[in-house]
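Per our numbering, residue 15 is the first one in the sequence shown, and the count goes up by one each step.
Hints are computed from structural coordinates only; laboratory data are not their basis.
Don't take every hint at face value.
Said to hold, decoys possible - Simulated pairs of lysine-lysine, DSS-like, Cα-Cα distance not exceeding 30 angstroms: (1) Lys250 / Lys197; (2) Lys21 / Lys352; (3) Lys352 / Lys235; (4) Lys235 / Lys322; (5) Lys120 / Lys71; (6) Lys352 / Lys250; (7) Lys235 / Lys306; (8) Lys132 / Lys120; (9) Lys132 / Lys71; (10) Lys250 / Lys235; (11) Lys235 / Lys100; (12) Lys197 / Lys235; (13) Lys132 / Lys197; (14) Lys253 / Lys197; (15) Lys91 / Lys120; (16) Lys100 / Lys120; (17) Lys100 / Lys21; (18) Lys306 / Lys352; (19) Lys100 / Lys197; (20) Lys322 / Lys253; (21) Lys100 / Lys132; (22) Lys21 / Lys91.
For clarity, every value in this text was computed on a predicted model and none was experimentally measured.
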Amino acid sequence: MIAVGHKEGYMFYRTSDVLENSTLTSGNQNLENLGLKNCTIIERLFSSSLMIVVSHKNLRVLNVTTNNIICDHQFNKPVITVRLNKQRVIVCLEDSIHIYNINDMKMMHSIVDTPLNKLGVMDLTSNSGDAYIAFPGNTNTGSVHLFDAINLVSVNTFVAHEGTLACLQFNQSGDMIATASTKGTVIRVYSVPDGQLLFEFRRGVSRCVTIYSLCFSSDSKYLASSSNTETVHVFKLEKTDEDSKPEFANDMMGTAAGWLSTINKTFSAYMPYQFMQVSELMTTERSFATAKLPCVTESNRVALVSHKNHQYMMVATIDGFVYAYQIDPEGGELDLVKQHRIGPKIESYHTSPLGNATNTRSHIEF
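Between the sequences and the hints, there should be enough to build the whole structure, so can you do that?
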C-alpha cells in the first residue's frame with residue numbers, strides 16, 4: 015500500500031495495482047469536513063480500518079471505513095514520525111518519544127530528553143511477538159538505542175556508525191535492523207536485540223549522500239536503499255559459505271585471521287578513525303543490483319514487493335511518481351517495468367521555500 019498525504023487529505027494505492035494496471039485509481043479522502051488540513055504524516059495499520067493522520071502538532075486516529083475520529087492528541091512540538099503495530103502506537107518528537115496502547119490510545123510511557131532528533135529517525139518492529147523501538151542513542155555518534163515498548167524497559171545500546179544516524183529500518187520479523195549514517199556510503203545490518211554486526215554494504219563513494227529510506231524484502235533476503243541521487247541500490251543478504259571450505263583451508267584462514275587481527279589492533283590503536291575507513295573498504299560488499307530513477311528528487315521512499323512469485327522494487331517520489339523495477343535473480347541493472355503518476359493535482363502539493371510544488375519528506379510512505 016502506498017499512502018500519499020497532501021494539503022487537502024490523503025490517497026491510498028495498492029502496490030498490486032501499480033504492477034498490473036495501466037492506470038491507477040486511489041481512495042482519495044478529503045479531510046476538511048473533519049477539520050484536518052495539511053497531512054504531514056499518514057500511517058495505516060496494515061490493511062485495517064485504523065489510520066493515523068498528523069497535521070503539524072495534531073495527531074488523530076481515524077476509522078477509514080466510517081471516516082470518524084476515534085481520538086485526538088495535541089502535542090507541544092511538531093510530530094516528526096509515527097509508527098504503529100498491532101499493540102503499540104509510537105510518536106516521535108524531536109526530543110521525546112511517546113508510547114500508546116493501540117486498543118484505547120492510553121499513554122503507556124514517555125521517553126523524555128532523548129538526543130535531539132530533528133529528522134525523526136525511529137522505527138518499530140511490526141511482528142506480533144515483540145515491540146522494539148529503535149532510535150538514536152547519541153547526537154555525536156551513530157549509536158542505536160533499543161527500547162521494549164511492551165515491558166517498557168531499555169534493551170540495548172550499540173554503536174552502528176562513526177557518524178550520526180540518518181535512517182533505521184527493522185525487517186519484517188524484527189530480528190534484524192538496517193542502519194545508515196549521515197555520510198550515507200556504508201549501510202550496516204545488525205541482529206536484534208543483541209546488536210551484532212551481520213552485514214556491511216557500500217552503496218558508493220560519494221561524500222555527500224542522504225539516505226532517504228531503507229527496506230527489507232519480506233523474506234529478509236534483500237535490502238534496498240534510496241537516497242538523494244538517481245541510483246537506488248539492492249543488496250543481497252547472504253553469508254559466504256565458510257563451511258564448504260576444506261578443513262586445512264579453514265585452519266589457514268584462522269591463522270591468517272589471527273595474524274591480521276593483531277595488526278588491526280595495533281594500527282587501530284594509533285589511527286582508529288583512518289583505520290576504520292580502510293577496514294570498511296576491505297570488508298564491505300557492493301550492491302547486488304541497481305536501478306536508475308529518471309531524475310533526482312527532493313525525497314523518495316523505496317519498497318520491496320513480492321508479486322506472483324516475482325520480486326519487485328518500487329520507488330515513490332515526492333514529486334508524485336511511482337516506479338516499479340523487476341529484480342533479476344542474477345542482479346545487475348534493473349529494468350523499469352511500470353511507471354505511474356500518483357497523488358493529487360499538482361496544485362494540491364505544498365509549496366516549498368524555493369517556490370516548487372512539493373510535499374514534505376514524510377508525505378509519501380509504503
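Verification of the hints:
1. Lys250 / Lys197: Roughly 21 angstroms between the alpha carbons, so the hint for lysine 250 and lysine 197 holds.
2. Lys21 / Lys352: Holds, at about 27 angstroms.
3. Lys352 / Lys235: holds, 23 angstroms
4. Lys235 / Lys322: Holds, because 17 angstroms separates the two Cα atoms, which is no more than 30 angstroms.
5. Lys120 / Lys71: holds, 18 angstroms
6. Lys352 / Lys250: holds, 23 angstroms
7. Lys235 / Lys306: It holds: about 21 angstroms lies between the C-alpha atoms, which stays within 30 angstroms.
8. Lys132 / Lys120: Given that 30 angstroms is the threshold and the Cα spacing comes to 25 angstroms, the pair holds.
9. Lys132 / Lys71: holds, 14 angstroms
10. Lys250 / Lys235: With Cα atoms ~6 angstroms apart, lysine 250 and lysine 235 stay inside 30 angstroms; holds.
11. Lys235 / Lys100: holds, 24 angstroms
12. Lys197 / Lys235: holds, 25 angstroms
13. Lys132 / Lys197: holds, 16 angstroms
14. Lys253 / Lys197: Status holds; Cα separation ~25 angstroms.
15. Lys91 / Lys120: holds, 19 angstroms
16. Lys100 / Lys120: Distance of about 14 angstroms is within 30 angstroms: holds.
17. Lys100 / Lys21: holds, 28 angstroms
18. Lys306 / Lys352: holds, 13 angstroms
19. Lys100 / Lys197: Cα-Cα ~34 angstroms, so violated.
20. Lys322 / Lys253: holds, 27 angstroms
21. Lys100 / Lys132: The given pair, whose Cα atoms are some 27 angstroms apart, holds under the 30 angstroms limit.
22. Lys21 / Lys91: Holds: lysine 21 and lysine 91 sit about 20 angstroms apart, inside 30 angstroms.
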